[in-house]
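Chain by chain, the residues:
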Amino acid sequence: MANVLDLRRRIRSVKNTRQITKAMKMVSAAKLRRAQERAMLARPYAQMLTNVLDSLVRRTDLYNDATGDVMHPLLVEREEKNVLVVVVAGDKGFAGAFNSNIIKASQGFIDSRRVLGQNLDVEPIGRKAREFFRKRHPEAAYQKTEEHYDNDLATHYETVRHRIEPVEVTGDHPTLLLKLEFDEVMAMSNSIVDRYTRAEIDSVYVVYNEFKSVISQRLVVEKLLPIRKLGAHEITASEEMTEEQKEAAGRAALSSGVSLDEPEETALEAEARKFGTAEVDYIYDQAPDRLFRHLMPRYVTTQLFHALLESVAAEHAARMTAMDAATSNAGDMIDALSLTMNRVRQAAITKEIIEIVSGAAAL
Amino acid sequence: MAESANNSGLLAVRLVTPDRVLLDATAEAVELPSMSGYLEALYGHAPLLTELGAGEVRLHGGTAGEQKFFVAWGFVEVLPERVTILAETALHPNEIDVAQAKLEMQAGEKLWHEAGDDGSKYDEANAVTRQAEEKIASAEGKSS
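Protein chains in written order, with the working numbering: chain A, 1409 to 1771; chain B, 97 to 240.
The following block holds chain A by itself, in its conformation from the complex (with noise of 0.2 Å):
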């Protein structure tokens, strides 16, 4: 049996431990008020963007008359050869479940894609998903391609895909995290509009953590391309909270004083729901058509700017929880460690006095 002298030093080695788990509970809860409120921030811009697109819509032919054609390239469906999958991760563990889940839901829909013969690309944000991916597939290889003519006078540029293996890695953001501009998501989704309108790949799916309030999230697989109805997200799968994970999430939240309530509609939302759709005629300055085509992409950016807010408040909960099951895990371990304590050096003061008593008897 340890001694009493052992013990005590655990004691306080856990009592250390809770001290930093506390602190980093703190941290995340901190965060995660500022990325709730980021995410309703960006939320008016959102929506009017959505309404614009939305009456655009109502206005212009979305197919041409006389072929039936798709006048977009982002609304064009072609039957899904290669998929694009985007893992939101995060950077930094120590979240409970967070990014394994993730990657389990991505791994999950890679296979069940890969049992149809699909070919999918995976690209992963955050530090968590690009090590897990990187380590498994190959990074997809680019051939740029140079063609003169004319007396070189015009030059022909061609980006061409050479696929090795039937899942590969695309696109490398390793600090798209860290601040979250919508800059870098903007760049980020350029690359993917373009990959898509150049037929490179088919779909794009998204999988990433979708953050209502601290008990309701859920983990989505959601479609952005091909766009099939703005200003809805079509979720394919999606993944609830169970009741054990709300109640522990509730009771972090609980005792670091973060809302547990969906944050309400403030005035500007409301407002910014009636932008572009009042029942006026509006004098377009340009052709509806143009301006759709300038709008379709922005409107995927939107898309996956919201998904990434999403998870990173998302991450920031689960991290909130996690700390606060390992806070308490703690306590109860110092409470358990300090009854073994007490039991041992009570043990030893009894040894000394029936040592002394039966010496005393023995005289």
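Keep in mind that the hints were calculated from the coordinates and are not lab data. Every residue, glycine too, gets a C-beta built ideally from N, C-alpha and C. A few of these clues could be false.
Residues from chain B shown here face chain A by an in silico Cβ test under 7 Å; the list is partial [what the hints assert, rightly or not]: (1) Pro114; (2) His141; (3) Pro143; (4) Leu144; (5) Glu147.
Mind docking chain B on chain A? Use the hints.
Here is chain B on its own, set in the frame of chain A:
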């Protein structure tokens, strides 16, 4: 739309970016850099929806006072008593990094040279260059 108009003769102006609502104020007049050139909206303007190019949004009068913002690509909805600007990039002229803008201009020129025979790439390159030019102009405008 007259029934919902505030009768102050001022426009409610709002500048919204993907990150946040940058400005929420009233003004007497707003100059907007539309794709086809600058236009100015006053109180009672006919409803208009237009695409914004790169340039400066200038506000005059009202609670906004004299304010300028550099914007690059977006939308604007003009209603008789309200102007809502949806801008992808919006910066205060003081926030513009001229050195960075010059780099962007070079990048745009590089894109232009590499565009080959692809028309859309030329458009893209021109857009990048134009944005950088406007950025520099806007940043230097503050000193004069």
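Outcome of the hint check:
no.: 1; hint: Pro114; result: holds, 4 Å
no.: 2; hint: His141; result: violated, 9 Å
no.: 3; hint: Pro143; result: holds, 4 Å
no.: 4; hint: Leu144; result: holds, 5 Å
no.: 5; hint: Glu147; result: holds, 5 Å
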